[in-house]
Amino acid sequence: MKKQNIFARFYRWFFFRARGDSPFKRLLIHLLLIIACAISVYPVLRVVTISLRPNDTLLTTSLRIIPENATLDNYREVIFGAPEKNRKSDFFLWLWNSFSVVMVTSIISVALAAVSAYAFSRFRFKGRSAGLVFLFTTQMIPAGMLLLPLYIMLAKLKMINSSLGLIIAYSVSSVPLTIWMLKGYYDTIPVDLEEAALIDGASRMTTFTRIILPLSSPSLAIAFLFSFMGGWSEYLVARVVLQKNELFTWPLGIWTYAQQFTVSWGKFAAASVLIAVPVMALFLYSSKWLISGLTLGSVKG
Amino acid sequence: MGEKASTLRKYLPTALWIVGLIALYLILRAVFAPHASGINLNSKMILSRIREVSLFLGAIAAGMALIEIYFYQIFFRRPTRPLTTIIVRFIQGFLGFITLLLIIAFFDLTDLIRLPEGPFRNFILLPTTGFAALQKFLATAKIAPAGQASLSAAILLVVVLGLLFFLIQRITEPRVSRVGLAYLLVIPALVGVLFLIIYPFLFEIKLAFSNASLGTQATKNASYGLQYGWQNLVTLFTGNVAKDAKFFEVLGRTVLWTVINVTFHVTGGMVLALLLHRPMKLQGFYRTLLVFPWAIPTTIAAMALRNEFDLRYGFFNIMLNNIHNFFADLSTKVALLSPVFSWLAANIGPVSWKQDPFWAFVSILISNIWLGIPFMAVIILGGLQSISHEYYEAAEMDGANKWQMFRNITLPLLRPVLTPAVILGVIWTFNKFDVIWLITQGGPQEKTDILVSSMYKAAFQFYRYGFTAMFALVIFLILLGFTIVYLRVTGGLKSATE
Chain A
0 MKKQNIFARF
10 YRWFFFRARG
20 DSPFKRLLIH
30 LLLIIACAIS
40 VYPVLRVVTI
50 SLRPNDTLLT
60 TSLRIIPENA
70 TLDNYREVIF
80 GAPEKNRKSD
90 FFLWLWNSFS
100 VVMVTSIISV
110 ALAAVSAYAF
120 SRFRFKGRSA
130 GLVFLFTTQM
140 IPAGMLLLPL
150 YIMLAKLKMI
160 NSSLGLIIAY
170 SVSSVPLTIW
180 MLKGYYDTIP
190 VDLEEAALID
200 GASRMTTFTR
210 IILPLSSPSL
220 AIAFLFSFMG
230 GWSEYLVARV
240 VLQKNELFTW
250 PLGIWTYAQQ
260 FTVSWGKFAA
270 ASVLIAVPVM
280 ALFLYSSKWL
290 ISGLTLGSVK
300 G
Chain B
0 MGEKASTLRK
10 YLPTALWIVG
20 LIALYLILRA
30 VFAPHASGIN
40 LNSKMILSRI
50 REVSLFLGAI
60 AAGMALIEIY
70 FYQIFFRRPT
80 RPLTTIIVRF
90 IQGFLGFITL
100 LLIIAFFDLT
110 DLIRLPEGPF
120 RNFILLPTTG
130 FAALQKFLAT
140 AKIAPAGQAS
150 LSAAILLVVV
160 LGLLFFLIQR
170 ITEPRVSRVG
180 LAYLLVIPAL
190 VGVLFLIIYP
200 FLFEIKLAFS
210 NASLGTQATK
220 NASYGLQYGW
230 QNLVTLFTGN
240 VAKDAKFFEV
250 LGRTVLWTVI
260 NVTFHVTGGM
270 VLALLLHRPM
280 KLQGFYRTLL
290 VFPWAIPTTI
300 AAMALRNEFD
310 LRYGFFNIML
320 NNIHNFFADL
330 STKVALLSPV
340 FSWLAANIGP
350 VSWKQDPFWA
360 FVSILISNIW
370 LGIPFMAVII
380 LGGLQSISHE
390 YYEAAEMDGA
400 NKWQMFRNIT
410 LPLLRPVLTP
420 AVILGVIWTF
430 NKFDVIWLIT
440 QGGPQEKTDI
450 LVSSMYKAAF
460 QFYRYGFTAM
470 FALVIFLILL
480 GFTIVYLRVT
490 GGLKSATE
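If you're matching them up, the sequences are chains A and B in order. Just so you know, we're using numbering that gives the first Met the number 0 here: the first sequence kicks off at 0 and counts up by one. Just so you know, we're using numbering that gives the first Met the number 0 here: the second sequence kicks off at 0 and counts up by one.
Looking at chain A on its own, in the form it has when it is part of the complex:
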């Protein structure tokens, strides 16, 4: 047997390994993925960088990730305000406004949807398919489309500049989506379980509350999360409905920072980081379920 040159052997192993991917290919793939990761992460890192810059070097052309003289001043001012400059911090106010609005929207949507999606999933009644077609179509309608009549309606009801108005406006897109999603979930729960309970003498209502609701509690949580995420960082509707500073949700609030390039860029970045970190953590943690929610609910053909 002829002994091969070590370089030739390495070459063959490196480029043409018989089984699986060759090391060269794997190297290439990792390289590509690292580049892609850099592209996806770098803008986020930039926000962190800017938030750490001291106020006098905000305007710099440096691309360093950790800036010189890094400071947490921006964070301090965003959280605690600057009493010495007589500036109060609205950060928690905005967060609280957002939270209360989105929480109530999600509660309403999930409560309505949990019940009616069950009917759509299990019963055959007149108007069912029409209702489903309708729900399906509403997913195609932009929320912005109904914004104008809704705005005029809210104005007539004196609900402009009120959190309740925003709750109503958000429910427009949230309710149909949640019904549609939960119907998809309920469809995946086998009917046999209920049938067994029905034979044992349980009523339809009992099977719903004792079997379906407990079984679908994870999906209810996902639907809730979806509805929450949908409203949490919404800007355009809130901008129309809310005009008073003390009612601002956080997207409106940090927009007031982001608008002025020089003065508040650091504060904008700091506030963004403070908001984005928990949201992203929650998102990354729950992304698996969120994806299953998407495939079961909305993306399902």
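Hint data in this document are derived by calculation from the structure and do not stem from the laboratory. All values reported here derive from a predicted model rather than from experimental measurement. Just so you know, even glycine gets a beta-carbon here, dropped at the ideal spot from N, CA and C. Some hints could be false.
Stated by the list, open to error - Residues on chain B that point at chain A, a partial pick, calculated with CB under 8 Å:
1) A104
2) F106
3) T109
4) D110
5) I112
6) Y182
7) L184
8) F200
9) T218
10) M279
11) Y285
12) R305
13) V421
14) W436
Chain A is fixed; fit chain B onto it per the hints.
Same frame as chain A, but now just chain B:
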């Protein structure tokens, strides 16, 4: 002994939770109390908001409960004797009638229909005025606590209705209804959808045939008629949609925006998914990092990117400037390729992202593509993982190469995932203008507006309400056409309604 331990075990988590929450509260208090003067939120504001929303939720719950009981008794209860039949049907008819009047009064209040002044209108408004009178009575007779007249009146009404329902319940007997439960379950959502979607939609159609604008104080002094609708339509197709832009120009840009975005999303997502879909180290790590643009709240991402497109201090121009300097430097150092480098240096350099319409459009495209790829990648990866290995093994045995496998196995089998994702992607992108709004606001000179953002501008910057409503209807028709094509292509509706 054992029992004691189990009791301890039973209550321990609760106790720990309580202790933990108290500790958290104390820590937060210790941190924030010294700075309370700088924070614009206090417990009073929190409590008032909680009160506001819980009243709102309570009102919705009470209303829904009353509606549910009403229909429950219609579906599941039957009066026993002729006399009770008369009483029960009378009460039910009366309540239904009152509700009808209330709905008409609501239409009147919000200007969907305008009742002529006179006895008829007064009659329709009777429940509303009656409620107001009840409030006034409760307030003047000092029955209700000060400032709580409306709440007390509402509670009183609910109690009266409850008693009525209780009475009906007593004089009726149960009845079997096969579909009753289904309708009872659907009613809350139906009421919600009627109020939230159908009603605004009807309103929009009415607005589309009006000349409502700021000058007419929205609907207050607006005139309605077919000629206004026609006028709105003519303005839409021949005049300016927001301020300067023309409809077909914006439509063309919208199509371009949608096609470019979705193409990049799908190809980018496909590439990432194919790269990730293999046994490899660090897969989870890459995946987490790659979904960052999807995980970050869009608003923050868009605002941050907006600043990165700044002329001098934004990332893109710093980068371009660096590249420019690099080539300029090279052209002086490397004599051989000097013309090439100086040409490069002359053509690569900072770009005015905000002023130049083309680059402004590129900037929103870059931003939206960056934001949208992870979603597609994740969806496609899910699709790839559902394809069985056996197909590839069989193809390998038949001597197929990688491209053939991709073309003939992966793509066809991805179709059930890809088609709806692409179509929904198209619709979402078509409608999605928060990125545009936050980065360029449609500027410069409305050269980066798409249909939806023009519509938004027409409504809320130029207050052309009637026109906007017609605009919205046209956009809706475009989307509806697309949806119908989508349903034809996928047959999706059949599987959806089964």
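The hints, checked one at a time:
no.	hint	verdict
1	A104	violated (12 Å)
2	F106	violated (10 Å)
3	T109	holds (4 Å)
4	D110	holds (6 Å)
5	I112	violated (13 Å)
6	Y182	holds (6 Å)
7	L184	holds (4 Å)
8	F200	holds (7 Å)
9	T218	holds (6 Å)
10	M279	holds (7 Å)
11	Y285	holds (5 Å)
12	R305	holds (7 Å)
13	V421	violated (10 Å)
14	W436	holds (6 Å)
Hints 1, 2, 5, 13, counting from the list given before, are not met by this structure.
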